[in-house]
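As a plain string of letters, each chain reads:
There are 2 protein chains.
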Amino acid sequence: MDIDALLTSAAINTGLSVLLFSLYSILRKQPSNTIVYFGRRLASLNNRNSRNHFSFERFVPSPSWIVKAWETTENEILAIGGLDAVVFQRILVFSIRVFSIASVTCLFLVLPVNYYGQEMKHKHIHAESLNVFTIANVKEGSRWLWAHCLTLYIISCSACVLLYFEYKSITKMRLAHITTSPPNPSHFTILVRSIPYLVGESYSNSVKKFFTNYYASSYLSHQIVYRCGLVQKLMVDAEKICMKIKAAPKGQSSLKPCCLCGGSTSFKVLTDEPESVKDSFSYSNLNLATSDNERSAAFVIFKTRYAAVVATQMLQSPNPMSWVTELAPEPHDVLWSNLCIPFRQLWLRKIATLLASIVFMVLFLAPVTFVQGLTQLEKLSQTFPFLRGFLKQDLINHVLTGYLPSVILMLFLYTVPPTMMLFSSVEGPVSHSRRKRSACLKILYFTIWNVFFVNHVSGGFLFAFNMLSSVGDIPVELAKAIPNQASFFVTYVLTSGWASLSCEVMQPFSLLCNFLKKHLLRNHEDSSDGLVSFPYHTEVPRVLLFGLIGFTYSVMAPLILPFLLIYFLLAYLVYRNQIVNVYITKYEGGGQLWPIVHNTTIFSLVLTQMISLGVFGIKKSPVASGFTIPLIICTLLFNEYCRQRFSPIFKKDVAQVLLEMDRRDEQSGRMEEIHQQLHSAYCQLPLTSHEFCESVHKLCQDNIRGREGTKSGKEPSEVSEPCAVCNFGKEGSIGE
Amino acid sequence: MDIDALLTSAAINTGLSVLLFSLYSILRKQPSNTIVYFGRRLASLNNRNSRNHFSFERFVPSPSWIVKAWETTENEILAIGGLDAVVFQRILVFSIRVFSIASVTCLFLVLPVNYYGQEMKHKHIHAESLNVFTIANVKEGSRWLWAHCLTLYIISCSACVLLYFEYKSITKMRLAHITTSPPNPSHFTILVRSIPYLVGESYSNSVKKFFTNYYASSYLSHQIVYRCGLVQKLMVDAEKICMKIKAAPKGQSSLKPCCLCGGSTSFKVLTDEPESVKDSFSYSNLNLATSDNERSAAFVIFKTRYAAVVATQMLQSPNPMSWVTELAPEPHDVLWSNLCIPFRQLWLRKIATLLASIVFMVLFLAPVTFVQGLTQLEKLSQTFPFLRGFLKQDLINHVLTGYLPSVILMLFLYTVPPTMMLFSSVEGPVSHSRRKRSACLKILYFTIWNVFFVNHVSGGFLFAFNMLSSVGDIPVELAKAIPNQASFFVTYVLTSGWASLSCEVMQPFSLLCNFLKKHLLRNHEDSSDGLVSFPYHTEVPRVLLFGLIGFTYSVMAPLILPFLLIYFLLAYLVYRNQIVNVYITKYEGGGQLWPIVHNTTIFSLVLTQMISLGVFGIKKSPVASGFTIPLIICTLLFNEYCRQRFSPIFKKDVAQVLLEMDRRDEQSGRMEEIHQQLHSAYCQLPLTSHEFCESVHKLCQDNIRGREGTKSGKEPSEVSEPCAVCNFGKEGSIGE
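Chains A and B supply the protein sequences, listed in that same order. At position 94 of the first sequence the residue is numbered 94 (full-length UniProt numbering), and the sequence of numbers has no breaks. At position 108 of the second sequence the residue is numbered 108 (full-length UniProt numbering), and the sequence of numbers has no breaks.
Treat the hints loosely; a few may be bogus.
Pairs count within a copy or across copies, as identical chains cannot be separated in the list.
Here are the simulated lysine-lysine pairs, DSSO-like style, with alpha carbons at most 27 Å apart [said to hold, decoys possible]:
{"hint": "1", "residue 1": "Lys172", "residue 2": "Lys209"}
{"hint": "2", "residue 1": "Lys480", "residue 2": "Lys620"}
{"hint": "3", "residue 1": "Lys208", "residue 2": "Lys139"}
{"hint": "4", "residue 1": "Lys168", "residue 2": "Lys350"}
{"hint": "5", "residue 1": "Lys139", "residue 2": "Lys123"}
The set of hints was computed from the structure by calculation and includes no laboratory data.
One chain only, chain A, in its complex shape (with noise of 0.2 Å):
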């Protein structure tokens, strides 16, 4: 690849990147396409009012969206989305600094050492090849090689010294957000699994005991899980379809008639006149919460942070198997089909899940390969001798080398992220967000090893396959490789990279789903069903793997580093709008992103010292080997302090922040309507629980006064014994 065929594919890419930038700038002014751009906004501000009227503004490409993103602060991301979200922002923030000074370094100091790096007589530069700017060029024992590892050793310490003070301030920002957050039920309670099962006594009971036995004066209350079934997901479609018509202006029906079969239905809605399904049914029936359907998990609710979280930390049993604890996950954050998976089941379908992840990664390195053949034209000619004259000519070369190949690996690494997402559910995770902590992981090992690892090894992945037996050999490997494949991977940042992020900012997909919802289904109400969290899962693998290819392209083929600085300045802008418009938070993951992103750092920035000494060693050159060996060493040790410093904080909580937040909320008095709000926050049935289970025993009440008259004075929403009816207020049932 040379400098022309660079030049094509980078304005290929920037126009379509305008052209789509300009083309999202207009489709966002379009009021149908509201609940697709800013589906975060309309979900917090209930803001349906449509501006369906006509201007020619709509119409005209603005930058607006771009100065809205870039101004928006960080504790405005703070408060719409959370501390990942600031997380997320930090790694960009983070790259952009870091890139910006390797940039600045290699540009000057060693892209000049590179190109003049062999007497020969150079082209004219846009007919150069890229190979001319890499460290392929300096001739072997070189002098000036010093300048290469003079850069690594400038990139290795900013890169530490950023990535130190990142990891301090977000260790404080968690801890702040804990402290300052409003009280949490997820801080008072446990989630206890594999309860040992006695003969003729229920979970619940064991439960009691157990608990009022050891934990006496903390022990407030639990609430035993219940099998989910056929009838829980009819429970929460009933609720759904029940909400939607409540949504509904009265007297109207709120179902279109249906475009396809042109059939009209329509209801009386029967919500205001309650006492006409009263006798009718009986609530009774909808009680799940029978010893029969109990499973052997229970949430256990505890009077105080401290309490809650010492409980997480001993062991309870002689057998380490039973009353296992653990902190339970904020109630929308729980995902309720896991919990019911019997504990013991859990470290095989671990084992299982991480034997079928090796597979997969092993499975997909065939097309990976194939795409490789495609860099190779070559290759390509010889398989398909007919394409030769084709291919002969030079736009169609230009395109097939620089573009084509990135494309198709894209698209086959999209079958990845909901691959890995099944994988994750099957471990049998409790929450939504360790799932997706656990997915990130998982992607983030595929497309490090299948990404880069694979495209480097010149052999195709039998050959990759081997290496995994030598691992004393991958750095020699890849400090062969590197140099040559820098043109695939500079390609690679401008197809993957600045496409996916235009893609990102388009919403092609919900585009789609909202328009064929509108005109074919000629439904024009804006729904929040389709809103989803930030996909933290697939996003920061990407931004990862940017930041490896960066270090390891830093010092070897500088020439990549201006366009993944692009890149990185636009996903900042990009992320943060799509933060502040389009995603919604469900639940609060903590910040536990970050030592994922440390990791991965010092890992490259590891792997990048150990290529360099490779190609050091290739190149001839002990002085520089000589140096680079302390800063693996150096790097090391920083990351093993960082371990000890600041991981702690991501994996248990302080007690003293809990021991003082506990006796804040004591002194304000406001403990007892805490322990009000606790009773009833991890509801099982159905979604929006604890309103329901409410609405369910007003009615009840309503029914029980109606039968006798009112006798008493009492208010039903005084529960003081459980309902006959509904059970509200019975310990472990659904109302409580």
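Using the hints, position chain B against chain A.
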């Protein structure tokens, strides 16, 4: 090596062993050696009456000690040597059981298959090479390899079943040991390190403030750690001398004239007239407990066991590197010198010792390679041509190939334990038991790598070093090497194994010291100074190494098994005898050795299976290879299950057990008494510090009473206020 050479070696070793055991049975009856062979009994009974009467019986060897060792029950071992001694016995019992099964299966199934594996004319049996009995003799593609595969299944399954029941029973024993043991100060106490330094505040005050603030309900008191300098060393020495003088019969000097210089010293013992020293010496000079000497570590004592464990499980402060808590070791187990090491150094020390250990392992390979060269006679006569005639003699040949190499290797290996112990000390563990465990692990890795792996690699230690970089090739390399190295390891079992047991029972070093002391220094007093605790750190790796050799050779070269079985049977008797008679128990390790044993055994099993897989591959038997793979997977799954099921018990304390112990003590009203004892449990200065502190205080009180007259009727032992002179009773001082 042929059967003749093997028999020569076996004969030499059997003869030597019988001789040494007989010598032992005579030596142990000599009254002058009582301290060497009955150290523990002497220390526990304080029975020093010499049975110096002469009898002929004293010089007749007898097997009575074997009968006594055999008859000792497990409960006696538990009472005498603690849980660790029982665990050590269990390792031997497990080995005997599993290798009995292996011996029967291998000798009756595998050995005939190996011997008749190829169509060849067998020589007379005693001229037959050992190789004929190994799997190397089975021809490629033989159908009889199912016998090896079946044996592998039988051995693996029986080992796993036995391991499971051992782990289960040891876990149970550990819990029972914790529950039934008398109140242990280490259960109530935690060690706090890295107390943050505040200007104008002593560490003692910081600790008090912190724990009264956050653990007000359960905090009892604390004991700051002071600088361990010259003064402490002097005081310890002074106390030792003091104890010696006290122990001597009254009015008689306990120091004998020196036989070298002939000088004779005599002291007037002043202990009976305290008044004469009282005024000339102010005890307040002894007080090291000033805030200048304070170190940032403290023992904090809680009111209940549960509260102490809770405090260790929590992350105390937002900075995970300050207020670091862990359960305190037993008072006698504390390594005071390491408590003064700043906590921030620890992770660096750990990394440094890790690197140092690796370097030591690598440098050690040179002598091992040299030893290996000795076993190949041709090499030796090439290197030293003048020896050629000498080496051609048959006996010399047999001795050299069968005996000498192992002896040299063994001598080199004697330098390993002190070195590893030194590394473990530098690492900074806070207790003797932890230091021993860490040294045990280091020696284990060292032994397995240097004795097992390196001896199997034909190309010597440089090749072994290369092997590190291609981990995947290790099983195949081993598969090639193992059948050929059988003769070396048979002799290794005979020499290193059998001889080490004779050595262990004879205690040549103590015997020599005792002899020198009694006959050269003319000191006929038996002192318990030289008594040591059981050297688990050298013996556990040794036994585990023989286990590893046994497993890997069982299927490949079953001729090794009878010798190994004899070793384990002898070891069982010898170590029982030593535990009962020789070694004292200074502290309790709590059975923490078993997880190491379990993991090593699983490692040995999996290695055996992988080597078999390699051998089956070389022998071209796809069926046998195919059946081996599920066996490896099942073994790993079994290990994972055990890790989940049992190992947490060895890492954390069980809440339920602790709460019930606390409750029992509270109900029986013993808690007050326990709290009284706790105050003085962790006293830094000097060794038997509590008594010392009390006696100083008593002297002090006498002094005061002597000056003031007996104004108040208050007993000196009732300490209500800190003593003004010696500080006894003051928080954080010597006396408390």
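Exercise. Could you check the structure against the hints above and give me the numbers of any it violates, in ascending order?
Key: 3
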